[in-house]
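Residue numbers (our numbering), protein chains in the order written: chain W, 9 to 221; chain D, 42 to 325.
To be clear, the hints were calculated from the coordinates, so they are not data collected in a lab.
One thing to keep in mind: the hints can contain errors.
As the list claims (entries may be wrong) - Straight-line Cα separation of at most 27 Å, BS3-like style, residue types lysine-lysine; simulated pairs:
hint: 1; chain 1: D; residue 1: 47; chain 2: D; residue 2: 230
hint: 2; chain 1: D; residue 1: 100; chain 2: D; residue 2: 157
hint: 3; chain 1: D; residue 1: 157; chain 2: D; residue 2: 107
hint: 4; chain 1: D; residue 1: 47; chain 2: W; residue 2: 85
hint: 5; chain 1: W; residue 1: 85; chain 2: D; residue 2: 58
hint: 6; chain 1: D; residue 1: 157; chain 2: D; residue 2: 58
hint: 7; chain 1: D; residue 1: 107; chain 2: D; residue 2: 235
hint: 8; chain 1: W; residue 1: 85; chain 2: D; residue 2: 286
hint: 9; chain 1: D; residue 1: 286; chain 2: D; residue 2: 235
As the list claims (entries may be wrong) - Estimated spans, in silico, between C-beta atoms of each pair:
hint: 10; chain 1: D; residue 1: 188; chain 2: W; residue 2: 211; range: 39 to 45 Å
hint: 11; chain 1: D; residue 1: 141; chain 2: W; residue 2: 113; range: 23 to 29 Å
hint: 12; chain 1: D; residue 1: 58; chain 2: W; residue 2: 211; range: 45 to 51 Å
Given the structure is predicted, the values throughout are model-derived calculations rather than measurements.
Beta carbons: idealized from backbone N, C-alpha and C, even for Gly.
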Amino acid sequence: MVFIGVRAAPMVALTAFSVGVTLAMQAAHSLESLGAQMYIPDLVMLTLLREMGPVLIAVIVIGRSGSAVAAELGTMKVSEEIEALEVMAIDPVQFLVVPRFLAMMIMLPALTIFGNYIGILGGWAVCVFALDFNTAGYVLEALQSAEPWDLYSGMIKSVVFAWIVITIACNAGLTVEGGAEGVGQATTTSVVQALLAMLVTNAVLTGIFFFAG
Amino acid sequence: MNASDKPMLEVNGLVRKFGDRAVLNDISFNVHRGDTLVIMGGSGCGKSTLLRHLIGSMKPTSGTVKLFGEELTAMRERELIPIRLRFGMLFQSGALLASLTVGENVALPLLQHTDKSDDEIEEIVEQKLQMVGLTGFEDLRPDEISGGMKKRVGLARALALDPELLFSDEPTSGLDPIMTAVIDELTLKLTRGKGMTAVVVSHDMTSAFRIATRMIMLGHGGIVAQGTPDEIRASSNPEVQQFIKGEPDGPIPLNLSQDEHEHHQHVKPRPLHRARHRFHRKTG
């Protein structure tokens, strides 16, 4: 839990901040031509809450924690540790997978919320220091644009992503065969599969929210 | 027939195939309470595979394994639990959990399967570690101790629940002669002294003859010879004689051909030039 969540926070913060800054600048550029610069906060806020927040934080967690879980479980598999647990009548799923599953289900959404805040802070930095916004204006405009559902839809995504990431990582780890090379392959596989599954699911979920909402 | 006459472990017509190749072919033997059975045989003859069938972690292609009078082969994971609590298993590498300390590793079965208080568990852990000559190592992590020590911690862990039956995979390989004698002494104390039954896979002949009450020699996937240590020593079978004396020349072939070889190598061999190519690519 500490590994998946707390130690990932600095990286999440940096990424989210950069994204927030980038979004604001891109928005400034595009919206300027329409004379709609006042909508920059809206764009930053909605993009972060609905899409960029959940997806980017999931990417970080896949690269950092998903791969680590796959490698750790894979190493345990090849060094007979999993078998030893079974022989001691300890269910490896309960002993190893359940805690990691719970940690991921809690920490990925938590990180996403945290990342959203930092991203909005990034947008604020651009608006206030480079454009003609004041803090109150930015915050008001941003809050006005977003509805609770925007946050919830992002959170739903984040929970689904957590489930995908940890399931793929644990499965890849526990099915490792063939020593150190196998562990390496499983780790790579878990990252690639988790990324693809996450992005496709994101598209599907956005579709569902778009047409249902 | 009373309970003590009934074999603790009965293996009947055990066959295990990997693909078309029978690694174990028609193995049958019994182990009675209080026996110490040593399973010998050259590297790659299927000793470890046989052991995995005895503990229920591999299922045979055909044949039966009965442990404590119960048929293992048809059991599901959940049904195996009560049986697994009655035996201990020492893995070849120790198989300690790398994320736990030595003490926590030994305590694990006690924490999971008993209601003992922390103090009691601590006491048992200390006592088991003392038995294997590792007093004061509780707080080290497995990567901070040597291979031989890991194995001894593995033994302490296998004994944590005071099992009726102990399986060990090469308990003395990688240990120095003195430690080997200590472990043998411990095995003798537990078996002859406390009536524990042991099934030991070993190719350390000195140790094997010191602890065994019965011996089995495996070869070509089947049983080459079985009997008491004296019978084995007196065996007229030239393969047995070659093996127990450790002679390079004799009926046991030095090199196994590809399809006689153990299942671990069921991956196709790569021609050398391809291996070299891979090596260069990886090291840049």
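Query raised in the report: Do the alpha carbons of residue 157 of chain D and residue 107 of chain D lie within 27 Å of each other, as the hint requires?
Result: violated, 31 Å
Report task. Take the C-beta atom of residue 58 of chain D and the C-beta atom of residue 211 of chain W, compute their distance, and say whether it sits inside 45 to 51 Å. Result -> holds, 46 Å
Query raised in the report: CA of residue 286 of chain D to CA of residue 235 of chain D, is that 27 Å or under?
Result: Violated: residue 286 of chain D and residue 235 of chain D sit about 31 Å apart, past 27 Å.
Query raised in the report: Does the alpha-carbon distance linking residue 107 of chain D and residue 235 of chain D stay inside the 27 Å limit?
Result: With Cα atoms ~23 Å apart, residue 107 of chain D and residue 235 of chain D stay inside 27 Å; holds.
Report task. Take a look at whether the Cβ-Cβ distance between residue 188 of chain D and residue 211 of chain W falls inside 39 to 45 Å. Result -> Once the Cβ atoms are compared, 50 Å apart, the range 39 to 45 Å for residue 211 of chain W and residue 188 of chain D is violated.
Query raised in the report: Given the hinted pair residue 85 of chain W and residue 58 of chain D, is their alpha-carbon gap at most 27 Å?
Result: holds, 23 Å
Query raised in the report: Taking only the CA atoms, is the gap from residue 85 of chain W to residue 286 of chain D under or equal to 27 Å?
Result: Cα-Cα ~36 Å, so violated.
Requested in this report: Below or equal to 27 Å on CA atoms is what counts here, so check residue 47 of chain D against residue 85 of chain W.
Outcome: violated, 36 Å
Query raised in the report: Holds or violated: residue 157 of chain D with residue 58 of chain D, Cα cutoff 27 Å?
Result: Distance of about 43 Å is beyond 27 Å: violated.
Query raised in the report: Taking 27 Å as the top limit, are the C-alpha atoms of residue 100 of chain D and residue 157 of chain D close enough?
Result: At roughly 34 Å apart (the allowed maximum being 27 Å), residue 157 of chain D and residue 100 of chain D break the hint.
Report task. With 23 to 29 Å as the target window, see if residue 141 of chain D and residue 113 of chain W comply at their CB atoms. Result -> holds, 24 Å
Query raised in the report: Hey, residue 47 of chain D versus residue 230 of chain D, does the alpha-carbon distance stay inside 27 Å?
Result: The hint holds at about 23 Å.
Comparing the model with each numbered hint stated earlier shows that hints 2, 3, 4, 6, 8, 9 and 10 do not hold.
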